[in-house]
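J.: First to last, the protein sequences are chains A and B. Residue 22 is where the first sequence starts when you use this note's numbering, and the numbers rise one by one after that. Residue 13 is where the second sequence starts when you use this note's numbering, and the numbers rise one by one after that.
Among the clues, some could well be false.
[Claimed, not checked] Far from chain B by the CB rule (all over 12 Å, computed), these chain A residues:
no.	residue
1	Leu-66
2	Ala-111
3	Asn-117
4	Lys-243
5	Val-317
6	Ile-327
[Claimed, not checked] Calculated lysine to aspartate or glutamate pairs in the EDC-like style (CA-CA distance at most 20 Å, straight line):
no.	chain 1	residue 1	chain 2	residue 2
7	A	Lys-220	A	Glu-326
8	B	Lys-77	B	Glu-156
9	B	Lys-77	B	Asp-25
10	B	Lys-154	A	Asp-224
11	B	Lys-154	A	Glu-43
12	A	Lys-243	A	Asp-224
13	B	Lys-154	A	Asp-42
14	A	Lys-220	A	Asp-186
15	B	Lys-318	B	Asp-25
16	B	Lys-77	B	Asp-247
17	B	Lys-318	B	Asp-306
18	B	Lys-154	A	Asp-332
No lab work stands behind these hints: they were computed from the structure. C-beta atoms are modelled at their ideal positions from N, C-alpha and C, and glycine is treated no differently.
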Amino acid sequence: MTVLSYRQALHDTLRAELQRDENVFLIGEEIGVFEGSYKITAGLLAEFGPHRVWDAPIAEEGFTGVAIGAAMMGLRPVVEIMTINFSLLAIDQIVNNAAKLRSVSGGQVSVPLVIRTPGGGGQQLSATHSQNLEAWYAHVPGLKVLAPATCADAKGLLTAAIRDDDPVLMLENLALYNTKGEVPDGEHVAEIGRAAVLKPGRDITIIGYSRAAIVALDVARKLEGDGISAEVVDLRSLRPLDRDTICASVRKTSRAVIVEDDWLSYGTGAELAATIQEGAFDYLDAPVRRVAAAEVPLPYAKPLEIAALPDAGAVTRVVRETLRGH
Amino acid sequence: MTDPAGTDMTREDPAILREYYRQMALIRAFELRAAEMYSRARIGGYCHLNLGEEATVTGLTAALKPEDYLFATYREHGYALARGADPGRVMAELFGRTDGLSGGRGGSMHLFDRENRLLGGYGIVGGQIPLATGAAFALAYKGERGPDAPAVMCLLGDGTTNIGAFHESLNLAALWHLPVVYVIVNNQLGMGTPVEAASAEPDLWKRGCAYRIPGQRVDGNDVLAVRDAARAALDRARTQRRPALLETVSYRLRGHSVVDPARYRTAEDTERVRREDPLPAFRGHLIAAGVLDDEAAARIGAEADKAVAAAVDFADASPAPGVSALFDCVYASPPPGMYRGLPGDPVTGGGQA
Chain A
22 MTVLSYRQAL HDTLRAELQR DENVFLIGEE IGVFEGSYKI TAGLLAEFGP
72 HRVWDAPIAE EGFTGVAIGA AMMGLRPVVE IMTINFSLLA IDQIVNNAAK
122 LRSVSGGQVS VPLVIRTPGG GGQQLSATHS QNLEAWYAHV PGLKVLAPAT
172 CADAKGLLTA AIRDDDPVLM LENLALYNTK GEVPDGEHVA EIGRAAVLKP
222 GRDITIIGYS RAAIVALDVA RKLEGDGISA EVVDLRSLRP LDRDTICASV
272 RKTSRAVIVE DDWLSYGTGA ELAATIQEGA FDYLDAPVRR VAAAEVPLPY
322 AKPLEIAALP DAGAVTRVVR ETLRGH
Chain B
13 MTDPAGTDMT REDPAILREY YRQMALIRAF ELRAAEMYSR ARIGGYCHLN
63 LGEEATVTGL TAALKPEDYL FATYREHGYA LARGADPGRV MAELFGRTDG
113 LSGGRGGSMH LFDRENRLLG GYGIVGGQIP LATGAAFALA YKGERGPDAP
163 AVMCLLGDGT TNIGAFHESL NLAALWHLPV VYVIVNNQLG MGTPVEAASA
213 EPDLWKRGCA YRIPGQRVDG NDVLAVRDAA RAALDRARTQ RRPALLETVS
263 YRLRGHSVVD PARYRTAEDT ERVRREDPLP AFRGHLIAAG VLDDEAAARI
313 GAEADKAVAA AVDFADASPA PGVSALFDCV YASPPPGMYR GLPGDPVTGG
363 GQA
């Protein structure tokens, strides 16, 4: 184990996969000469050259489609879309081609593609640059949507995504890039489609993914001091969704709070709450609660931005309320 | 631009000319039969026919080498046939049967034949253009170049030149020197909208100039002119990695899809359809050139009808896919825990204590 930042774990994984397989190449805006908007690809153009690291013009639909076409031919493109907000320019290619080619071709064509893209607010980037649109993609059969919260998973899930034969949307998060954690040395491939229990507990289950899972973990650790034993489930994968792990946890604790950075209505938490009511109905001692973003285009002004986003205070309050409910 | 009038038939191999006619006749027979099968509810969904485009289909596919890749639109039955797909398997796909090219999962708009390097028909207008550009990217990535290197042909319709994906793709192909030939199959109508009402530059072959991509317009009813222009563009793509834009101009014999009565057409248009029909025109040229006689032409027509009848029989005999196969082909590596419920099935087990 080595302590690395989430950013470094992603960078090292890209480097290792570029070294391992010459069919792997990177493509995206400003990933080469500029070394990436968030510096995940720093140094990779210099090391691997322009044949493996492609600076694309501002043409998300075009270069994402090019990557899908290249994947149909057996290459393994790793696309960087600067933020998930810009993926909307490419959504037709992702939803109508990447997700469907295998199906409409009757299995003749596969799309071994990875799209890396960060979501997340809290950086005062305002309404168009702070969105969490992962549920849009998690809704679509044919795609896989991964959302690592820990630095170990940043490595393990990205490695798995690049080696997977299906199109994978790899959700990163602006607020996680500088976080640090232990990362296994050497080969580390996580299994796609398994949630992780980040912290076991007896009294309540807090479920999150990406940044929200880290918030959940922080809250759970603090609550230990008050004698509250909270279990934290990190989804790691939104599609496929590991319903077994979620339901098993809630059957044990009988209470659940969901933390999500996306908007409440029709968001990820809605799917989780529906899953829990069906998979653990008789075990529930309180309604399932959701801590999600306020339903507004995220404002620029700091006090408004802070108020609109889920944080540890809101999660702590909702956990306590849920524990009081019978 | 080329002037296709007066293409010299005497310089062509008569056997190859007869083969072109045979292919055009097969496409005509297949599409007429598909329309009939649609009206008898054996084919569902949308069904777009190549009627009136037989010379374009045959000319373009004649220019392709077996190792080249073709990306098509949703109006692609003829291309699948000309690329070498078995007519029975194409008809079975239209019928939604297990022996269809895609096992009945794609239907009329999504014919894929990997073996013959047909990488799909596409239902979203222009969706194939970035993909074809990406296939050319992969060829360039693998370093193949020269007169024997494979290239990519990407079909699109006249209306498609107005979407963003077209322009983004042309820019990328020119910027990165990709071996791809974009072919605008201009049948003069985007559904019911004439080219002039949709494109500020109705000379569509000029639309690559912003990307320094050479353009050319040919008569889509002239199979040899289409073939020669496509061949030259493909050769340039193979050897120089220069993308090209080719516009073939023909005219749809019928509506946008089988269910479209084409009421937007004037009587004059309808007369033009008859006058410009490429199949009898090509037959007339071949007979005049002594390559074909009435008897041989009739025989080719009869053989096409027979092949299509056999295709219908084959499709009829092929079983419909079983529901147990519903979740096949969604993923190459189906993940553990992938939900495979039918509507109303429980999502999780064990909700009750």
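J.: Looking at Ile-327(A) again, its CB stays over 12 Å from all of chain B?
T.: holds (36 Å)
J.: Taking C-beta pairs only, is Ala-111(A) more than 12 Å away from all of chain B?
T.: Label violated. Min Cβ-Cβ 9 Å, cutoff 12 Å.
J.: If you draw a straight line from the CA of Lys-154(B) to the CA of Asp-224(A), is it 20 Å or shorter?
T.: violated (57 Å)
J.: With the threshold set at 20 Å, check whether the alpha-carbon distance from Lys-220(A) to Glu-326(A) stays at or below it.
T.: violated (29 Å)
J.: Going straight from one Cα to the other, do Lys-77(B) and Asp-247(B) come out at no more than 20 Å?
T.: holds (10 Å)
J.: Would you mind confirming whether the straight-line C-alpha gap from Lys-318(B) to Asp-306(B) stays at or under 20 Å?
T.: holds (18 Å)
J.: Are the Cα positions of Lys-77(B) and Glu-156(B) separated by 20 Å at most?
T.: Judged against 20 Å, a Cα distance of about 15 Å means the pair holds.
J.: According to the definition I'm using, a residue is off the interface if its beta carbon is farther than 12 Å from all beta carbons of the partner; does Leu-66(A) meet that for chain B?
T.: holds (16 Å)
J.: Hinted pair, alpha-carbon criterion (20 Å max): Lys-243(A), Asp-224(A). Please report holds or violated.
T.: holds (14 Å)
J.: Over 12 Å to the closest beta carbon of chain B is the bar; see if Asn-117(A) clears it.
T.: Its Cβ does come within 12 Å of chain B, the nearest being 5 Å, so this is violated.
J.: Straight-line Cα separation of Lys-77(B) and Asp-25(B) no greater than 20 Å?
T.: holds (18 Å)
J.: Has the given pair, Lys-154(B) with Glu-43(A), been kept, meaning a C-alpha gap of at most 20 Å?
T.: holds (10 Å)
The structure is inconsistent with the numbered hints 2, 3, 7, 10, 14, 15, 18, although it conforms to all the rest.
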